[in-house]
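Colleague: Each chain, letter by letter, is given below.
Protein chains: 4
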Amino acid sequence: MINLYQGILYILTGVKMPEQEEKKSQKNGWEITLRVRYSETDKMGIVYHANYFPWFEMGRTEFCRSLGISYKEWEERGIFLPCVEVRCRYKRPALYDDLLVVRTVIEKLERCSVSFGYEVLRQETLLAQGYTKHAFTNTQGALMSTPEPFYGMLQECFLTSPEL
Amino acid sequence: MINLYQGILYILTGVKMPEQEEKKSQKNGWEITLRVRYSETDKMGIVYHANYFPWFEMGRTEFCRSLGISYKEWEERGIFLPCVEVRCRYKRPALYDDLLVVRTVIEKLERCSVSFGYEVLRQETLLAQGYTKHAFTNTQGALMSTPEPFYGMLQECFLTSPEL
Amino acid sequence: MINLYQGILYILTGVKMPEQEEKKSQKNGWEITLRVRYSETDKMGIVYHANYFPWFEMGRTEFCRSLGISYKEWEERGIFLPCVEVRCRYKRPALYDDLLVVRTVIEKLERCSVSFGYEVLRQETLLAQGYTKHAFTNTQGALMSTPEPFYGMLQECFLTSPEL
Amino acid sequence: MINLYQGILYILTGVKMPEQEEKKSQKNGWEITLRVRYSETDKMGIVYHANYFPWFEMGRTEFCRSLGISYKEWEERGIFLPCVEVRCRYKRPALYDDLLVVRTVIEKLERCSVSFGYEVLRQETLLAQGYTKHAFTNTQGALMSTPEPFYGMLQECFLTSPEL
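Chains as they are written, first to last, in my numbering: chain R, 15 to 178; chain Y, 15 to 178; chain V, 15 to 178; chain H, 15 to 178.
Quick caveat, the hints were computed from the structure, so don't treat them as lab data. Since the model is a prediction, treat every value here as computed from it, not as a measurement. Among the hints, a few may not be true.
Given that identical chains are not distinguished, each listed pair holds provided it fits within a single copy or across any two copies.
Under the rule of at most 27 Å between Cα atoms (straight-line distance), these lysine-lysine pairs were calculated in the DSS-like manner [stated by the list, open to error]: (1) K86 <-> K105; (2) K147 <-> K105; (3) K122 <-> K105; (4) K122 <-> K147.
Between the sequences and the hints, there should be enough to build the whole structure, so can you do that?
Modeller: The structure is reproduced here in structure tokens:
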């Protein structure tokens, strides 16, 4: 069962958050639901491979928001997370109008970088698995050690994460 | 107040549908809520102008779904709606992480084409207004007169639409 | 006939510049050649309508460069040209791997805005016609009157432009 | 020295092909030059990480064309190369209006798949390294063994390739 407050939360965040998984979700990972856009397909009739990365971005954006500080606020406070590595394996094609779930977890956390892991699912079917690694940099793009409360927030989440 | 069923509907469709506006929405137009992606911004720090058009696409997709037949089904039944004209006026920039509403109405309906009108809002502020015109074509791309029940479905909606 | 220098110029700029049209091109408009990417197509097998606007952007970018100051330098000197209106009419679909020409001219020039007109062609066939209107703003996004030498540069070009 | 014919070839293909490297290029890899679009940047002021993959696509497209059969023709003859894995490491950011070189080689060739390797350079500076793996499938998306002359064409190129 979900309640009215959660229903409204879904509208605002686009985040799927079944009550019984709430704690687990908030501590260890996060799920979002998205609808595949026509613009994301290509002439092969499937989603173009590069278009999974904006979905991963949506996943980690909502994950950060769920931890208490939106990524927008990270940047407003002078901390940027440029992407330094990405990877994705495509098992089955995502199709136009599919309703997909993107699961995001923290795979690795270091003083100057963080790696997120992702799974894209259509109902119970795994479509793709990927990860993205991000450096912590300041406004000038110089590498920095993540200050508090950011590091602690990620660390608490990372330590309680299950293997994806 | 919204009820559980509607809460679930929001999750599935991503569509904002306050109960008191339900009939109006279903008959005359449709609203969706979306979150601006980082990938949609450009180095000016705002959303790149071309990226409003996929939002319009999301608007008319959910609009069609609300009328009873998803656009995916249109194509499965051999009816395609390639875009023949687009226009957009940008009043104020949309920004990263903004929670936006896209309102979609039918602006004009002819035997071989349909035009949708759109408004993009951040709370009460109008950010952009646009329209897209689409031809009805068959699988080979030849212009066709829209068959029933598609035409009737759009017509009923169009006739009861208010001016945007 | 084109010479070696121009051949190299083509490589560096991606700009098609047949010698006999050189003066006309430099004064009144500009042509670029581009190859349609797979990523620009959609499941209908044609180029997604929003993806013409980055081509228009390429057109005006090379046009500005041909006038002597690249748009990158405009921004470095504190002048930004956010898009305030766009329009496009699609006559025939552009397809994957098509070699297209984009012709760019100045359609209108005012103290605080400039409008560019575009034609997209595959050999002699007109595929699409569009325009984009841009405001001149400063770094803070406030409207400004274009300073010299920018205004004069555009004006000279505009006054000698033929109708598209 | 390049000659007029090659100069024209550059225009038609957008491919950089200095004469002295011609054989090497044609046998073992391929280079293209591209200009970074404004639409490819994000609010961090750099190219959004997902936007390197369409550049890789351009690289392998021109590579296939250089081998004698364009990828468009592959598809026309019923052979599709959906992407099954991608990876990219970003060393330094690509910026708006940068003139970049993308080098493409075949990294691995199997009966049912091919992997391409890529390097993105700004002059002598390596910005990113990546690879994409593609399955050979038929029109229905079923895995297939690549028929001749496609396999032989890739194999000859692969066997003479240097390490990237």
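Colleague: Next step is simple, just say for each hint if it's right about the structure.
Modeller: Each hint, compared with the structure:
no.	hint	result
1	K86 <-> K105	between (32 Å within a copy, 23 Å between copies)
2	K147 <-> K105	both (21 Å within a copy, 12 Å between copies)
3	K122 <-> K105	both (23 Å within a copy, 19 Å between copies)
4	K122 <-> K147	both (9 Å within a copy, 25 Å between copies)
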